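Trainee: Please model the complete structure; the sequences and the hints are all you need to start from.
There are 2 protein chains.
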Amino acid sequence: MKVPECNKSIGIFDSGVGGLTVMKEVMRELPAEDIIYLGDTARVPYGARSPETVTKYSLECARFILSKGIKLLIVACNTSSSVSLGRISEEVPVPVVGVVNPGARAAAFMTEHKNIAVIGTETTIRSGSYEKAIKAIDGSINVTGIACPLFVPLVEEGWVEGEITTLVVRKYLAPLREGSFDALVLGCTHYPMIKDIISSVAAIPLIDSAVETAKEARRILLEKGLLREGNTGPSRKFFVTDSPDKFARTGMGFLGSGISNITKIELGGN
Amino acid sequence: MKVPECNKSIGIFDSGVGGLTVMKEVMRELPAEDIIYLGDTARVPYGARSPETVTKYSLECARFILSKGIKLLIVACNTSSSVSLGRISEEVPVPVVGVVNPGARAAAFMTEHKNIAVIGTETTIRSGSYEKAIKAIDGSINVTGIACPLFVPLVEEGWVEGEITTLVVRKYLAPLREGSFDALVLGCTHYPMIKDIISSVAAIPLIDSAVETAKEARRILLEKGLLREGNTGPSRKFFVTDSPDKFARTGMGFLGSGISNITKIELGGN
Chain A
1 MKVPECNKSI GIFDSGVGGL TVMKEVMREL PAEDIIYLGD TARVPYGARS
51 PETVTKYSLE CARFILSKGI KLLIVACNTS SSVSLGRISE EVPVPVVGVV
101 NPGARAAAFM TEHKNIAVIG TETTIRSGSY EKAIKAIDGS INVTGIACPL
151 FVPLVEEGWV EGEITTLVVR KYLAPLREGS FDALVLGCTH YPMIKDIISS
201 VAAIPLIDSA VETAKEARRI LLEKGLLREG NTGPSRKFFV TDSPDKFART
251 GMGFLGSGIS NITKIELGGN
Chain B
271 MKVPECNKSI GIFDSGVGGL TVMKEVMREL PAEDIIYLGD TARVPYGARS
321 PETVTKYSLE CARFILSKGI KLLIVACNTS SSVSLGRISE EVPVPVVGVV
371 NPGARAAAFM TEHKNIAVIG TETTIRSGSY EKAIKAIDGS INVTGIACPL
421 FVPLVEEGWV EGEITTLVVR KYLAPLREGS FDALVLGCTH YPMIKDIISS
471 VAAIPLIDSA VETAKEARRI LLEKGLLREG NTGPSRKFFV TDSPDKFART
521 GMGFLGSGIS NITKIELGGN
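Chains as they are written, first to last, in the working numbering: chain A, 1 to 270; chain B, 271 to 540.
What the hints contain is simulated information worked out from the structure, not anything from laboratory work.
Treat the numbers as computed from the prediction; the structure is a model and nothing was measured.
A hint or two may mislead.
[Stated by the list, open to error] Where chain A lies over chain B, by a calculated footprint (3+ residues, C-beta under 8 Å):
id	stretch
1	317 to 325
2	435 to 448
[Claimed, not checked] Only some residues are given here: those of chain A computed to face chain B with a beta carbon under 8 Å:
id	residue
3	Arg43
4	Ser50
5	Pro149
6	Leu150
7	Glu157
8	Leu167
9	Val168
10	Asp242
11	Ser243
12	Arg249
[Said to hold, decoys possible] Label pairs and their computed distance ranges (CB to CB):
id	chain 1	residue 1	chain 2	residue 2	range
13	A	Ala136	B	Val430	38 to 44 Å
14	A	Gly139	B	Gly526	42 to 48 Å
15	A	Ser67	B	Ser450	53 to 59 Å
16	A	Ala136	B	Arg488	55 to 61 Å
17	B	Lys485	A	Ile204	25 to 31 Å
18	A	Gly139	B	Glu322	48 to 54 Å
A virtual CB, placed ideally from N, CA and C, is assigned to each residue, including glycine.
Mentor: This is the structure:
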């Protein structure tokens, strides 16, 4: 028996555990949907790799998750969304949502003084993806990108509060003092984990790409008549390319709940 | 014409730029030797990956560098040395030197109170490789391992001095205050870059595995009659699996001199 299109899963992939902050928001926004999550944990982080390498890895992730039968693909990795979304969309026959455009749209919508700051990994910031996406909506908006390479390792170490993380946040966000910014976009899925510190240091409204992406996924499913409702026991399946135990341990904090049903797979000879 | 064995290169591989601190010491100890360096920069860091994945990647590195014609292989990555040295030695028909045993030997040699501390990545410490190597020399020595996952990203960000790095070092090295340790082994190739801070916080003698490994390489070549002398223009070739530009930029600080002659290669479908 063929599965009706709307009963298919939402696929989400990320370079590691970070995308679980996006999955958390998708579960909140779309509680009846089945979800398949892939974390390419053997090759994490993508953030400092070249665009060619990121695209190669991202396509391998997209192909795998597509083979599981999905109705929508969320590219939960900001780095992949920044440099590989075009290539993925070309190849994948279901709607593809990245995390950059939803965040960019929310930022463009709320700015008054046309001055927005974006924080992310080195590759995301260097790609200028948020700037391009925001300027595509309104070319007169100024966008300042700040790369914060230490936020991801700090979060993965579990140092989500305390003096050291506060000092690191202050050091990276020092440029914010020099301009009158309307909003700060969290352009990396790990950053919601240190939202409180970022918020207190930045002292301007934050835009969480994870929240905006979940809303965008809902909008697309609704438009296409693919929204699932009344499924009271939605399934959540996880695939990883390195140790499932470590993923379960680290991931719990990101997802905000326990993780089971994890399968280890191989991708592209990793 | 066949190249005489002693005129062949020394091969060094690491997961990234860190092994350049080992290469620096090899150049100091063995200035006439040709050197081939491979940095698996597309898949760095190895430190948080599972032992199976680390061994798979390490064997791919070893095979590649062996194909270039070498007389000695230095596994400059502590993680690889900790979990994959046996497998590499089995497969490679030239002498293989890891960074763990030389550091362990130096530590066992200098301890008076039979109490040694080792710092390294999560995988190196969890593997207990230094403890095993030290206890194989003297079973009565106590070894305390401390994982310091943030040191590598701090060094790669270039924050090799200042308040934040000092606070991070203090936080990780707090357990040192609770015991009377004779020496602290720097069990990761990145750590010599923050040697000054570590030294001032630890206030005990440091053992630099890079220095000990270079001495060990010299000893082996001498023993086997493979030492090269009188080569006034030794060649240095570099291979990487991700962007050569970034490697040249980041690597300079590790090697202590400029890097040219870099070739990008593909390993294991990365």
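Trainee: For which of the previously enumerated hints does the structure constitute a violation, in increasing order of number?
Mentor: 12, 17
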